[in-house]
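Undergrad: One letter stands for each residue in the lines below.
Number of protein chains: 2
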Amino acid sequence: MSVIYDRVALIGLGLIASSMHWAIKRGGLAGEVTGYARTEATRQTARDIGLCDRVFDTMAEAVAGADLVVLCVPVGVMGEVAAEIAPHLKPGATVSDVGSVKAEVIETVGPHLPEGVHFIPAHPIAGTEHSGPRSGFAELFDNRWCLLVPAEGSDPEAVDRITRLWRAMGSNVDHMDAEHHDLVLAVTSHAPHLIAYTMVGVADDLRRVTDSEVIKYSAAGFRDFTRIAASDPTMWRDVFLSNKNATLEILGRFTEELFALQRAIRTGDGEHLHAYFTRTRAIRRSIIEAGQDTDAPDFGRGARKG
Amino acid sequence: MSVIYDRVALIGLGLIASSMHWAIKRGGLAGEVTGYARTEATRQTARDIGLCDRVFDTMAEAVAGADLVVLCVPVGVMGEVAAEIAPHLKPGATVSDVGSVKAEVIETVGPHLPEGVHFIPAHPIAGTEHSGPRSGFAELFDNRWCLLVPAEGSDPEAVDRITRLWRAMGSNVDHMDAEHHDLVLAVTSHAPHLIAYTMVGVADDLRRVTDSEVIKYSAAGFRDFTRIAASDPTMWRDVFLSNKNATLEILGRFTEELFALQRAIRTGDGEHLHAYFTRTRAIRRSIIEAGQDTDAPDFGRGARKG
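Chains as they are written, first to last, in this note's numbering: chain A, -10 to 295; chain B, -10 to 295.
Bear in mind the hints are in silico, worked out from the structure with no lab data behind them. Incorrect hints may have been included.
If several chains are the same, the list does not tell them apart, and a pair holds so long as it fits within one copy or across any two.
Mimicking DSBU-like on lysine-lysine, the simulated pairs with C-alpha atoms at most 30 Å apart in a straight line are [said to hold, decoys possible]: (1) Lys79 with Lys233; (2) Lys14 with Lys79; (3) Lys79 with Lys205; (4) Lys233 with Lys205; (5) Lys14 with Lys233; (6) Lys14 with Lys205.
Please construct the entire structure, taking both the sequences and the accompanying hints into account.
TA: In structure tokens:
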């Protein structure tokens, strides 16, 4: 329990920012947390539930005097937010973000920031399918990974400080370059999300399978897809548009592989299917061993209710 | 708590059969449960853990005198199992199954069964990614749906009896015709499973994204996919091969839709993406309202550990 930054400003008060606020409060990691949200409704909610010590009606006020400013807005508006806060940043402050895509954020935010301000992009790999100021909780980052993407020549002390903050909020921290980050995330998150959105949309389209049936008999596979496909539409639109190349590359490989499996089904090639399914099973074990999920037999079950 | 069948025989002792056993015992729903498994190892495990009152080395012995025989084997071997047990069935007995595909099971099992034996196919929509005799638990069917697919002219009393059994094991029960069942399940379960298998395979293939990274930074989307893709390979191979037409039809629609979204990403059509993602979000709400999942914000989280 020790203060890492005197003042942290959170720009955008959704799931990640509100979870950061509660995690910072849990650990006593900042002297003060200020906040800004675009809509009056969100600012009012934040004030009602005690989210941030002070909520401001302008970004300029929220970032004034802050040692750390974290952009928690959709990737598509990071650039304009950076342009707006730039004149009000305290010299020596650190600016970071929590976007799911890093190359484009660096490209759009970086040029706006004045000399003497440290820019250290970050991506906490954590979330739920909920969004908005009420959706945050202090434990969101516990035992999850936060990837930092510092530019070459970043101030080591500034990098160390934000690393300590994420660790104190419960995360494991790794460093990675932006391009590699975007490819890894295309595989582990962006492509799977688009696929889940697609499948849920297909189910919705099928008039022969009435809505109520799809919902009522929503088996394990599909139910998990709907959970993924309930994520924030604006955030995800921006993720796909800003990580276009890596996402399209992975989707291309996915389609190729899917066609091979479809052909195996069509031609009755059971051996191909069985060998493929046996291989994928092993990956699951590795994830459980890595501590990123549990082996509890709750799939398709109500154990989640716990 | 009242006995519905004097003797129930479970053929194949995996996740579903072992869960049925424990659910029957929980409710006192059968005078005796007998069991058979193909391998000596499974039979020995069953005896060790008290799965079934008596475990037999032959199907003939297991089904002899049984009022209800439930085929809990992969869909691909249902026909040969039916042929083997047919001569040993008690007159007036009911034969059922728990296969995820119904039209092909009816086609392959039906012709083998003698006059005077009732054939009432069933599909409990419940499961976990685990398999084998140790994976079952009494609560698996609680509040899940079991779809019965009785042929026209089925004995109403026999249908009523097996309906009562599934209800007493915790399920909701609906009736449906086989072809419609296979289409609904292709949407809600079979296509999503193939897609999840595919995506996990793609991740495994990508040499630039090392295994450890995919596993370590396994974000919410991908982690849920690996859970789905850890399901029993033999069972799923048989599902795809025996529900070929419906699965290929849904996959065709899926691919069409995926291409449209890919094009939207490529051309930067954010409106298309946003509208699509907003629509799919609504489906999630319906599933929660239907009581088939909960709204707990545990997605991508460790709450499952509870």
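Undergrad: Mind listing which of the numbered hints don't hold for this structure, in increasing order?
TA: 1, 3 and 5
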